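Since chain A is already given, all that's left is putting chain B on it; use the hints.
Number of protein chains: 2
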Amino acid sequence: MITVLAGGVGAARFLRGLVLAVDPAEITAVVNTGDDTVLHGLSISPDIDTVTYTVAGAIDPERGWGLADETWTAMANLTRYVGVRPAGSTAAPEWFNLGDRDLATHFYRTARLSEGATLSEVTDEIARAWGLGLRIVPMTDDRVRTMVDILEDGDVTTVGFQEYFVKRRHSVPVTGIRFDGADNARPTFIDAIGASEAVVIAPSNPLVSIGPIRALHGVDATLSAHRDRVVAISPIVAGSALKGPADRMLSELGFEASVLGVARLYAPICGTLVIDERDAEHRDAIEAIGVRCVVADTIMRTPEIAASLATTTLTAAREGARHDR
Amino acid sequence: MITVLAGGVGAARFLRGLVLAVDPAEITAVVNTGDDTVLHGLSISPDIDTVTYTVAGAIDPERGWGLADETWTAMANLTRYVGVRPAGSTAAPEWFNLGDRDLATHFYRTARLSEGATLSEVTDEIARAWGLGLRIVPMTDDRVRTMVDILEDGDVTTVGFQEYFVKRRHSVPVTGIRFDGADNARPTFIDAIGASEAVVIAPSNPLVSIGPIRALHGVDATLSAHRDRVVAISPIVAGSALKGPADRMLSELGFEASVLGVARLYAPICGTLVIDERDAEHRDAIEAIGVRCVVADTIMRTPEIAASLATTTLTAAREGARHDR
Numbered sequence: 029m030i031t032v033l034a035g036g037v038g039a040a041r042f043l044r045g046l047v048l049a050v051d052p053a054e055i056t057a058v059v060n061t062g063d064d065t066v067l068h069g070l071s072i073s074p075d076i077d078t079v080t081y082t083v084a085g086a087i088d089p090e091r092g093w094g095l096a097d098e099t100w101t102a103m104a105n106l107t108r109y110v111g112v113r114p115a116g117s118t119a120a121p122e123w124f125n126l127g128d129r130d131l132a133t134h135f136y137r138t139a140r141l142s143e144g145a146t147l148s149e150v151t152d153e154i155a156r157a158w159g160l161g162l163r164i165v166p167m168t169d170d171r172v173r174t175m176v177d178i179l180e181d182g183d184v185t186t187v188g189f190q191e192y193f194v195k196r197r198h199s200v201p202v203t204g205i206r207f208d209g210a211d212n213a214r215p216t217f218i219d220a221i222g223a224s225e226a227v228v229i230a231p232s233n234p235l236v237s238i239g240p241i242r243a244l245h246g247v248d249a250t251l252s253a254h255r256d257r258v259v260a261i262s263p264i265v266a267g268s269a270l271k272g273p274a275d276r277m278l279s280e281l282g283f284e285a286s287v288l289g290v291a292r293l294y295a296p297i298c299g300t301l302v303i304d305e306r307d308a309e310h311r312d313a314i315e316a317i318g319v320r321c322v323v324a325d326t327i328m329r330t331p332e333i334a335a336s337l338a339t340t341t342l343t344a345a346r347e348g349a350r351h352d353r
Numbered sequence: 029m030i031t032v033l034a035g036g037v038g039a040a041r042f043l044r045g046l047v048l049a050v051d052p053a054e055i056t057a058v059v060n061t062g063d064d065t066v067l068h069g070l071s072i073s074p075d076i077d078t079v080t081y082t083v084a085g086a087i088d089p090e091r092g093w094g095l096a097d098e099t100w101t102a103m104a105n106l107t108r109y110v111g112v113r114p115a116g117s118t119a120a121p122e123w124f125n126l127g128d129r130d131l132a133t134h135f136y137r138t139a140r141l142s143e144g145a146t147l148s149e150v151t152d153e154i155a156r157a158w159g160l161g162l163r164i165v166p167m168t169d170d171r172v173r174t175m176v177d178i179l180e181d182g183d184v185t186t187v188g189f190q191e192y193f194v195k196r197r198h199s200v201p202v203t204g205i206r207f208d209g210a211d212n213a214r215p216t217f218i219d220a221i222g223a224s225e226a227v228v229i230a231p232s233n234p235l236v237s238i239g240p241i242r243a244l245h246g247v248d249a250t251l252s253a254h255r256d257r258v259v260a261i262s263p264i265v266a267g268s269a270l271k272g273p274a275d276r277m278l279s280e281l282g283f284e285a286s287v288l289g290v291a292r293l294y295a296p297i298c299g300t301l302v303i304d305e306r307d308a309e310h311r312d313a314i315e316a317i318g319v320r321c322v323v324a325d326t327i328m329r330t331p332e333i334a335a336s337l338a339t340t341t342l343t344a345a346r347e348g349a350r351h352d353r
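Chains A and B, in that order, are what the protein sequence lines are. In terms of the numbering used here, the first sequence has 50 at position 22, counting the first letter as 1, and numbering is strictly consecutive. In terms of the numbering used here, the second sequence has 122 at position 94, counting the first letter as 1, and numbering is strictly consecutive.
Bear in mind the hints are in silico, worked out from the structure with no lab data behind them. Watch out, some of these pointers could steer you wrong.
Claimed, not checked - Which chain A residues stay away from chain B? Per the calculated CB distances, all over 10 Å, these: (1) VAL50; (2) THR146; (3) ASP181; (4) GLU225; (5) ALA269; (6) ARG320; (7) VAL322; (8) LEU342; (9) ARG350.
Stated by the list, open to error - So the derived label-pair ranges between C-beta atoms look like this: (10) LEU179(B) / ARG206(A): 53 to 61 Å; (11) ASP208(B) / ARG206(A): 49 to 57 Å; (12) ARG156(A) / LEU179(B): 33 to 41 Å; (13) GLU149(A) / ASP325(B): 55 to 63 Å.
Bear in mind that the values here come from a model prediction, so they are computed numbers and not experimental data. Quick reminder that beta carbons are idealized off the backbone N, C-alpha and C, glycines included.
Chain A extracted, bound-state conformation (with noise of 0.2 Å):
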C-alpha cells in the first residue's frame, strides 16, 4: 500500500502519474481539507476536487482546477443579486466561480452531508462515480478550516483560506496561519501511514496544504515512527512555487523559500526529499541535515512525466524503508 499526503494541483498531477505507475488499488490519496469552505448553502471541497477530477482525466487543463468545457451561467446569473444584497451580507460571493457541470458534485457531497454521510463516504462515492481505482480519502471527517492572517491596508485581517487564495488571488502579505478546529478533528488516515510501504508527501504547499494534515493529532508522530519509508518532493523548484503563493508564504513566514527550507520542514518527518535537477547544487546541504537527498525531474509536464516521478519517489521510499530494517 502507498499512502500521498495530497494537497491540490500538483499533489492531483503527481497522483495522475501514481495510477499509471502502480496498481491504483494500492493508492490512497490522504487529502487536505482544510480549504473546504460553504458558499451559497453548498459544500465545497476544493483540494478533493482537484484530485478527483485530474486522476479521472476532466480537470480544466489550463486552469488546474474544476472541469473541461464548462460553462459558467448560474455564476454569471448571481450578477442581479449583487445590487440589492445588503451592507455586511456575503451572499452572491462573485469571486468564487463555480462551473454548472462542477455544480452537481457539490450538490452531491451537500445533500449527503445532510444526510449524515461522512465526508470520507461521499468522497469515495464521488470518487467512485469518477471511474477512479484509487482511494481518496479526506484527511479527516471533521471540520477543520484554514485561516489566514493577512496584511492588508496595514492592518492584520484573519480570513479563511478561500478568502485569502481565491478572493484576495493571494497577492497580499501573510503574518499568519492556523488551522480551526485540528486539535479536535480527528485524522482517517493514521492506520494507512503504519500499513504503507511507502509515504510519499506530495509537491504541495508545505504550510498551507500538508500544514493541515500535519496539524492533526498523532500524524506527526506516526509520520516519524516511519521517517526512514517517507519520501516528500518538494513543491519549490529554484527557488519558486510552480503555481500558487507557497514561495512567498514560505519567505514571509520566516521559512527559506528554496529546497533546504523544504527540507528542514519535512526533516522530522521525512527520510527523503525529491528535488529538480535545477537545485541538484543544494543535494550535499540537505543530506547534511539527515534528509536523504534524490535529484530527478519534478516538472510534470505531461502524466508520462509524472509517472517517471511517481516512479523514482516509491524507489526512493524502498531504499529508506531498507535502511529502517
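Frame of chain A, contents of chain B only:
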C-alpha cells in the same frame, strides 16, 4: 392597498395583469410557502419564484415555471452520481429540475437565510433585483410544509408536496393534506388584510395553494371579518383546473370540483366569487349560498386579459366593501 393571496402559476398570471391595471406600489402579494423545499442544500420557494419571474416577464411561458432561455447543465451532470448513491439516499434528485440561470436565485436565497435574514427580507431583495414594483411576501417566515397522503400500490404514504406534485407528477390519488408547522407559524400579512381596500384570492388551488395560507393562525378569522371586500377567482372552469390537479384533488377529498364547490370552500371568508363565462349557469346557485357572483373571462391567455380580469375583480371588491359599510 390591495392584498392578493397567491399560489403559483394562476396567481402569477393574475398578478402580471394586476400590475398593469393598478399602481404596483399598492399591491402586496402574499405567497404560499407550503411547497418550499430543500434540495442539494438549497432553499427552494417554488411559488415565490413563479410569481417573481412571471411578474418580471422572465418566466418560461410554455412550462409556466422557471426562467426562459434556460440551460440544464448542472442537472444533467447529476446523473453521474445516481449510480453511486447508497440505498435510501435521496441525494442527486433528478426529478426536480433546476435550471442553471434559476440556480442563482436559490444560491442567493440560501446564502441570505444562512446569514439570518428572514424569508420576507430575502424575497423582497429578490423582487427588487428583478425590478418589481409590487411587494411580494411569503405567507410566513416560519417553516410550514404541505404534506400529502397519497395512495400508492394500495398503501397510503405521506410525502412532501414536491414529491407528490413533481416526482409523482400529481398522478396518484390524494387521501389527505396537512400543513406541518402551520400551528406555530406566524402569518406576515394580518395587518395588510385589515389595511386593504380589496383582498383577492387568486385563481390558485384552494386546498394546497390557498389552504396553507388559510391554515395560519388568525387568517380565516381576519378574512371573515373583512369578508365583503374579499373576492376570489375560481381556479375551476367548467369542472376542470386549467393547470394542475385541483379538480381531481377536490373530488378525492370530498369536495365538488366545480365553481359551486369552490364557493362553498370560500364562503366563510369571501364575499364575492368571480367565475368564468363558461360557468355562468352556476351563478344563482352560488349566490344562494350567500356569495356574490361575478361572471368574467378568467382564462388569462395574455397579460391584457389578466389586467381586465384584475379590473373586474377590484370593482367587485369595491362593490362588496360598499355592502360592508
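Outside-interface status for ALA269(A) - nearest CB in chain B farther than 10 Å
32 Å, holds
Cβ separation check - THR146(A) to all of chain B, threshold 10 Å
The assertion about THR146(A) holds, with a minimum of 12 Å to chain B.
Does the no-contact call for VAL50(A) survive, Cβ to all of chain B over 10 Å?
With a cut-off of 10 Å, VAL50(A) remains clear of chain B, as the shortest Cβ separation is near 24 Å.
At the C-beta level, are LEU179(B) and ARG206(A) separated by a distance inside 53 to 61 Å?
57 Å, holds
Classify the label on ARG320(A) as holds or violated, using whether its beta-carbon is more than 10 Å from each beta-carbon of chain B.
41 Å, holds
Taking C-beta pairs only, is VAL322(A) more than 10 Å away from all of chain B?
38 Å, holds
So is LEU342(A) really clear of chain B, every C-beta pair being over 10 Å apart?
30 Å, holds
Is the nearest Cβ of chain B still more than 10 Å from the Cβ of ASP181(A)?
25 Å, holds
Regarding ARG156(A) and LEU179(B), is the given constraint of 33 to 41 Å on their beta-carbon distance met?
Taking Cβ atoms as reference, ARG156(A) and LEU179(B) lie about 37 Å apart, which means the hint holds.
Range hint 49 to 57 Å (beta carbons of ASP208(B) and ARG206(A)) holds or violated
The hint (49 to 57 Å, Cβ to Cβ) is violated, given that ASP208(B) and ARG206(A) are roughly 43 Å apart.
Quick one: are GLU149(A) and ASP325(B) within 55 to 63 Å, going by C-beta?
Since the Cβ atoms of GLU149(A) and ASP325(B) sit about 57 Å apart, the hinted range of 55 to 63 Å holds.
Per the stated criterion, does the least C-beta distance between GLU225(A) and chain B lie above 10 Å, as a non-interface residue requires?
29 Å, holds
Comparing the model with each earlier hint shows a violation of hint 11 alone; every other hint is respected.
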